[in-house]
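Peer 1: The primary structure of each chain is shown beneath.
Protein chains: 2
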Amino acid sequence: MVKMPLGEQTLYIGIDGGGTKCRASIMTEDLQVLGTGVGGPANPFHGVQQAKDSIRTAAELALIDAGLPPATMGQLIAGAGLAGVNVPSLYDVMSDWQHPFKQMFLTTDLHIACLGAHNRDEGAVMIAGTGSCGYSYVNNASLFLGGHGFPIGDKGSGAWMGLEAIQAVLLDSDNLGPATMLSHSISHFLQAEGVMIVDKMFGAKSSDYAKFAIFVVDAADAGDEVAISIVKEGAAYMSAVARRLWATQPGRMSIIGGLAPRLIPWMDKDMADNLSPALYQPEFGAVYFAKQQSKR
Amino acid sequence: MVKMPLGEQTLYIGIDGGGTKCRASIMTEDLQVLGTGVGGPANPFHGVQQAKDSIRTAAELALIDAGLPPATMGQLIAGAGLAGVNVPSLYDVMSDWQHPFKQMFLTTDLHIACLGAHNRDEGAVMIAGTGSCGYSYVNNASLFLGGHGFPIGDKGSGAWMGLEAIQAVLLDSDNLGPATMLSHSISHFLQAEGVMIVDKMFGAKSSDYAKFAIFVVDAADAGDEVAISIVKEGAAYMSAVARRLWATQPGRMSIIGGLAPRLIPWMDKDMADNLSPALYQPEFGAVYFAKQQSKR
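Those protein sequence lines, which keep their order, are chains A and B.
According to UniProt numbering, the first sequence holds residues 1 to 296 in order.
According to UniProt numbering, the second sequence holds residues 1 to 296 in order.
Calculated from the structure, these hints are not laboratory results.
Treat the hints with care, as some may be off.
One copy or two, it doesn't matter: identical chains are merged, so the pair holds either way.
As the list claims (entries may be wrong) - Heads up, simulated SDA-like pairs for lysine to any residue below, C-alpha to C-alpha not over 20 Å straight-line:
(1) 102 x 67
(2) 102 x 72
(3) 200 x 93
(4) 205 x 47
(5) 200 x 88
(6) 205 x 48
(7) 205 x 151
(8) 232 x 167
For reference, chain A alone in the conformation it holds in the complex (with noise of 0.2 Å):
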């Protein structure tokens, strides 16, 4: 095999971004990672210039990896897969964006996680991480499920389960509600009791939510019954988005994001054993997409 000179080749950048980071992956042509940068959140329903500086930010990381002068930017054909432009007004923002690469081709972050997970235009994929959401594409037709963003939706999801959490803990110190391990356990991650937490909470964002859904998940496993009722709501809400998206004939259904491998043990059997391993990590779906968007 004769390889082609990096300074010939047509370069992409495969971006995924999610409310909590944003992990970016430059590629050649035949999916060799060359190099990787993670920035910050880059869900632009929590910050649009967040999301671009995040972006910017794990493009530049990436290109320091991959060990390419900075100039290389601007020669990338970028795939970007965001969180939150599933929502009208937020792709056209991100869309107008003066982005720094060659081209940059948008789709949802649900869109490259389903062509990275199966490898192929068709499949199933639901996201259990700072948000929660289900996606299918079958047909040519293609079917949204959730990921309506924190606090309205995202049912089952890091955030959802955080605040869950902590309006248990409020109702235990007020007496108003059970006792639960989560009180201590979050007391202690925040430093914080009682009207203390809400000082702590101000302004928190769904990321900032999104890191108690450890201690749920792991009260649960304990036994904690507060903990128990939170995960298997979150859980029973998976399974009927899974049971929704199997009903598509996808061929192959996976799970991801950093709070999958908690959840499927909580999920109705029939749809866990559905459930079949990403193949690939988002960012390769998003260079596949952008691939494929490019050659049209």
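Let chain A serve as the given structure and place chain B on it in line with the hints.
Peer 2: Positioned in the frame of chain A, the structure of chain B alone reads:
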């Protein structure tokens, strides 16, 4: 009775600052109302500058209503009860304000509501408006319940009810939750359906969510199961708050706020039966407080 000319009297201004609006009334020492003004939201948790602006606007409008010159502002002794200042950092921020009054005595909206409702120091009061909370003051001991703010607390409030309603409408639109007439009423109000609702709710505050509460109580009264479940959960919380307040033996207990008349029929009957009407509005409680403090 010989009346003193206004110019020689001490004038007070009672300020009741909530999450949706701020009411201010200028009163004589013997509680004759000279004028009233209404400003915007005044819960510093949702914006310190806005709270200050709303208080100033309400005071200016009260002066105009009273037919007093603008310069009278600097002679007023203010009693201000604000939502949110149960959070220590917000109490400090608002206390440090270079306010336009001669003096300002700051306390919580709960405290002035309680003083006004019972026209004496001891009693218990619950608020069910944009936010929710409970307060009792008995034997020099005060008990605060709830009032933790949106979205981590304030169960049973208008904002909480509105958030529950939007979540239910989005579950309905994804066919992941039961059908509800809230989908029709809220979609009509917002002129949006499904994911476009997410767009409309972008950056929504507690006062925006609280606008949906009327649809929830109306739908509950009409027999909608989803709405009934929301209202029952909210009323059960307020009943539990009432039960803890009543245990402090406050003698009198009231519930005030825009949602109160619609919640009472859903509360536990024994607690609903313990409720007495509020005697005076919170602004009178604020002046009661200012007189008490300025004569110490």
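Peer 1: For residue 205 vs residue 47, is the C-alpha pair at or below 20 Å within one copy, between two copies, both, or neither?
Peer 2: both (10 Å within a copy, 16 Å between copies)
Peer 1: Checking residue 200 and residue 88: alpha-carbon separation at most 20 Å within a copy, between copies, both or neither?
Peer 2: Between copies, since 11 Å is at most 20 Å while 33 Å is not.
Peer 1: At most 20 Å between alpha carbons: which applies to residue 102 and residue 72, within, between, both or neither?
Peer 2: Answer is within; shortest intra-copy Cα gap is 9 Å, inter-copy 64 Å.
Peer 1: Is it within a copy, between copies, both, or neither that the alpha carbon of residue 232 lies no farther than 20 Å from that of residue 167?
Peer 2: Answer is both; intra-copy 16 Å and inter-copy 18 Å each pass.
Peer 1: Indicate which option fits the pair residue 200, residue 93 if close means a Cα-Cα distance not exceeding 20 Å: within, between, both or neither.
Peer 2: between (32 Å within a copy, 15 Å between copies)
Peer 1: Reference check for the pair residue 205 and residue 151, CA-CA at most 20 Å: within, between, both, or neither?
Peer 2: So residue 205 and residue 151 pass the 20 Å test inside a copy (10 Å) and across (11 Å) alike.
Peer 1: Given identical chains, is residue 205 near residue 48, meaning Cα to Cα at most 20 Å, within a copy, between copies, both, or neither?
Peer 2: This pair counts as both: shortest intra-copy Cα distance 14 Å, inter-copy 18 Å.
Peer 1: Regarding residue 102 and residue 67, is the shortest C-alpha distance of 20 Å or less found within a copy, between copies, in both, or in neither?
Peer 2: Answer is within: at 19 Å inside a copy they meet the 20 Å cutoff, but 66 Å across does not.
Violation of the numbered hints given earlier is absent; every hint is satisfied by the structure.
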